[in-house]
Amino acid sequence: MPEPQRTLGAAEVEQLVEREYAYGFVTDIETEVVPPGLSEDVIRLISEKKEEPQWLLDWRLKAYGMWQGMTEPNWAKVSYPQIDYDAISYYAAPKSAVADGPKSLDDIDPELRRTYEKLGIPLVEQQRLAGVAVDAVFDSVSVATTFKEKLAELGVIFCSFSEAVKEHPELVRKYLGTVVPHTDNFFASLNSAVFSDGSFVYVPKGVRCPMELSTYFRINASETGQFERTLIIADEGSYVSYLEGCTAPMRDENQLHAAVVELVALEDARIKYSTVQNWYPGDKNGVGGIYNFVTKRGKCAGARSHISWTQVETGSAITWKYPSCILLGDDSIGEFYSVALTANRQQADTGTKMIHIGRNTKSTIISKGISAGHGQNTYRGQVKVLPGASNARNFSQCDSLLIGPDSGAHTVPYIDVANPEAQLEHEASTSRIGEDQLFYCRQRGIDPEEAVSLIVNGFARDVLSELPMEFAVEAQKLLGVSLEGAVG
Amino acid sequence: MRETAAVEAHYRDEIPVRQGDPFAVRRAEAVGEFFRAGGFPTATLEDWRFSDLDALGRTAYRRYSDVPTLVPPKTDELPEWVDDFGCRVLLSEGHPLNAEEFQNRNGLEVGNLPPVPAADEQHDWGFVAAGAVPGGTEADLDAPLRHPLEILNAGLFGCGFRVRVGRSQDAGPILLYSLRHDVGHPAMLHPRSVIELAPGSRLTVVEAHDGASETAGWTNPSTLCRLGENAELRYVRVELESGNIAHTGRVTFQLARNARVHSTVLSLTGGKSRTDTAAILSEEGAEVDLEGLFLGVNAAKADQHTLAIHAARHTTSRQLFKNVLSDEAVAVFDGKVVVAPGAIGTDASQANRNLLLSQKAAVHTRPRLEINADDVKCAHGAAIGRLDEDALFYLRSRGLGRMDSHEILVRGFAGEVVEKVPVAAVRGLARDGLTRVRESRSFAA
Amino acid sequence: MTPLLEISGLHVEVEGREILRGLDLEVPLGETHAVMGPNGSGKSTLAHVIAGREGYEITGGVIRYGGEDVSELEPEERARKGVFLAFQYPVEIPGVNNTYFLKAAINEIRKHRDQPELDAVDFLSLMRDRVKLLDFDEDLIRRPVNEGFSGGEKKRNEILQMTVLEPTLAVLDETDSGLDIDALRIVAEGVNRMRSPERSFLVITHYQRLLNHIVPDRVHVLQDGRIVESGGSDLALRLEAEGYTKAAAVTA
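Keeping their order, the protein sequence lines are chains A, B and C.
In my numbering, each residue carries its 1-based index in the first sequence increased by 9.
In my numbering, each residue carries its 1-based index in the second sequence increased by 1263.
In my numbering, each residue carries its 1-based index in the third sequence increased by 122.
Same shape as in the complex, but just chain A (with noise of 0.2 Å):
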């Protein structure tokens, strides 16, 4: 008896995975914008603005040569045409932010607050978000740090980085550039020069950080990009869990975002940083759309220390990130969870590394593809065991799930071990959304759109279980709302 063989052709699967992006609105308010441009001259005004001391300025201008003599990484599978960094403005601010800095939450400019408030984020310490403390980023700057005080009565600093530099410049200095070097790669060292502001937070020892932290970016101005620099030192034996959020306005635009975020895990210390990137993937046909190409390294440098990233990446036209792992204390542990899925004509090339060079140094890599559409998904990965990291052990999951004829998968694991003590097992299938499972879906009574999300949910239910509590269920409607038919 023959069974319908059944593929989803393309017009159903670009009925399924159309989507709206519900953060596209622009804010309309006065803001202050370098003229486009990168030069010596640019960063020294960038310093200038930001008042930092001498050695920060050395820095990001010792960075800037670096990144002159560098050519831009091409070995990514994703397309795009030639970035003019000079048609970029660097730095980009509103004016009501900058006027005094960020002093007290009652003092944010209402347009700026009314904007959160849309992306549900509200700058006030109660209501749903009452045990996330928020630091809000609007194009170059930090507006508003939410339970700041709350959270210095335990000795934790929780600020933008701007001020960290000034409140803390011994931590800042100490730390800086221990991770991601401003040497690291062409991104990570055009950051380093022009980096604007970020999140900055120290646990000190010991100390379990009462709340979620959790930065939110927002990009707002146009043709400029954004660079922002988050540090998290946890001292010893201390815990915190971080999260960023991002959103951008719908343009037709391409417009760059090159961050670099460092941890720094000491001794017995846990860094848990959990990400939910939404900027805007641009539209049907790939026109518009954030580049973003991005910097994440933890370094676990004590005995015993854990990092661990879990990312939920939906939006971007193009993703560009490996946030990876130094396990150079023995006995410490990395773990790298991620969700991320592609529909239209996004492209997303990421991964992490795991670089093995302590002693029992162990790590976890689970990694969930989604490609919808003309949507191509690269997992790229590296799992290095150094000859001293003796009883390494690593255990990696990358699954891929398609969802049309025109959808691209691709895995391109590098494992590269050195010590014979080590044990690595690594495991990778493809799948698609079959017409089978639709059908049973539906013929319980759930509707196509919502049957896929479910599908979709469910394939990346192992990595949206690491999430914070209060952010699976967002990161849950995100996946739901980006394959869904209707208006978001």
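Calculated directly from the structure, the hints in this document are not laboratory data.
Fair warning: this is a prediction, and the values are worked out from it, not measured in the lab.
Any given hint could turn out to be false.
[To be verified] Quick list of in silico lysine-lysine cross-link-like pairs, DSS-like style, CA-CA up to 27 Å:
| no. | chain 1 | residue 1 | chain 2 | residue 2 |
| --- | --- | --- | --- | --- |
| 1 | C | K254 | B | K1640 |
| 2 | A | K362 | B | K1623 |
| 3 | C | K233 | A | K486 |
| 4 | B | K1683 | A | K371 |
| 5 | A | K371 | A | K393 |
| 6 | A | K214 | A | K157 |
| 7 | A | K281 | A | K393 |
| 8 | A | K183 | A | K281 |
| 9 | A | K159 | A | K175 |
| 10 | A | K393 | B | K1535 |
| 11 | A | K104 | A | K157 |
| 12 | A | K281 | A | K214 |
| 13 | C | K276 | C | K254 |
| 14 | A | K393 | B | K1623 |
| 15 | B | K1535 | B | K1623 |
| 16 | A | K159 | A | K86 |
| 17 | A | K86 | B | K1623 |
| 18 | A | K486 | A | K127 |
Got chain A sorted already, so can you dock chains B and C onto it with the hints?
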């Protein structure tokens, strides 16, 4: 720059000149193309991370046939296992030892590639590849033939094998054996072999590269296997060269509808080798098994690259590559599965398993999937580890010695590939290789 | 009174091949009918076409459900109107929790019926209740839909879903295949408990065995895409004894 020009001039001089060769001009073009595309690949290139051929390019290798001090080949130097094959073609230093012996029996033609080709044999002689300009996509069916060393081979080859199996014939096992000696001068060999199976035919063939040399040597063989509809090939490649002979070899399978290939690459080399195995599944129902085993001792290095191109619906590929590494041996596995748009019903799997027996051995593995169609089943895996302590203890608690326990587990590990080799003589070679592993410095240390 | 399910002159093609060739079938509300037939007679096609699976092309005839022509309706629309198909090969949906899945389904159906959605607490107590009735391992309802279930567990899961969703017409496609006798009894009890004047069953099977436990009001013999004979529950026994070819020969 000047240096590159000198290297190119040297290789142009090495192009064999034969009276009446219709491809003389094409050969020169191929060498030119090789150098235009960058010449000898270095480790800065992604595909050559672990096989830097810069040093190879700097050595003034000469073709054997032009080395005046050539030792006349002797048949009594051949290893015993060669006698197991009733049908065999032998080369020594690239010189045929028994060229005409097996021509055209029962629809089977086995022999040396003629020194001067007929004008319509350009495909056999590699000029389809050499003529193609680089820059095609990865799913491009000619991609394996645009390999830089494949192009260089087309320019320089002067010896090789040809096997043709007639429609519905069942042939084999056949041995294609190439032996090298130290000739006291850096010598290179570029054999080219073409194995052609007519529709419905079957063949078992063993291609072996053997020999040792203190003086630097280089073997760069190209083998092209073309299978007609529903043909079946069992191909075994044995790399036995040792000492200072570098091996860079390629075998490419082109499969028509419902054709099947089972290929095993056995690296028993004592030197350094780079082998590219490629299968082009260009018609529905084609199916390929690519397997490999490297038994590495001392400073041996095997860099195995595979490529399975699924260009038609309902094609299947399975890859299994295993490495056993003792002493300072290094294994590289760079496997790739490409599923072209529209190749629905593709079933591809890829596995690389590594056993590290020494502190100084190393593994680099990169099992890659490139999938551009949605109704496919693809899975891959890689595992690296040492012998299971529990299993070792279990064996020893049953009274087996330490060495024996290790050996049993290593043989078990290798057995998955060895036992599927369809020729007893070759299985014997693998067992000899395992014995060398047992006798290696780091074994059970 | 019009029958709940009324199929007349139904022709169905799958990939250009005609599978159903003028099938007529009526199932009145409150009755349980069995459709029996040899392999390849079109039994599964019938089940799928009632549920509205794509790829089955209706080239003639009509399917009426509750008096309405449903031939053009989407599968989920039919489901919300009370059509339930217990699959011969239930599909695995990795990562999607069984309970979550059923809650999504029941609330879609309730929405359609203008009933308020069940909250998590109410739904869970309903599930617990049904699970107990079916002698189901409670652990299974927390696992992903059908993932890693044995054949028997999958079939029982279908019946569990049926008892939760409370359909008006339940089509059981070879629910007995792959079940041992104990599992068969549990499944049959689940079905029997649900039989009521407000609900009809269409039991599709190759073997008479199931009909010892679920005694049908009518039995139809499907052969070569047509109903070739209909009768009472004793017809099933006769088929078992004589085989399909002979029974069909009698009618021919």
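Tested hints:
no., hint, result
1, K254(C) to K1640(B), "violated (38 Å)"
2, K362(A) to K1623(B), "holds (23 Å)"
3, K233(C) to K486(A), "holds (20 Å)"
4, K1683(B) to K371(A), "violated (36 Å)"
5, K371(A) to K393(A), "holds (12 Å)"
6, K214(A) to K157(A), "holds (18 Å)"
7, K281(A) to K393(A), "holds (22 Å)"
8, K183(A) to K281(A), "holds (22 Å)"
9, K159(A) to K175(A), "holds (20 Å)"
10, K393(A) to K1535(B), "holds (23 Å)"
11, K104(A) to K157(A), "holds (23 Å)"
12, K281(A) to K214(A), "holds (16 Å)"
13, K276(C) to K254(C), "holds (16 Å)"
14, K393(A) to K1623(B), "holds (15 Å)"
15, K1535(B) to K1623(B), "holds (16 Å)"
16, K159(A) to K86(A), "violated (45 Å)"
17, K86(A) to K1623(B), "violated (34 Å)"
18, K486(A) to K127(A), "holds (16 Å)"
Hints 1, 4, 16 and 17 from the list above are not met by this structure, while the remaining hints are.
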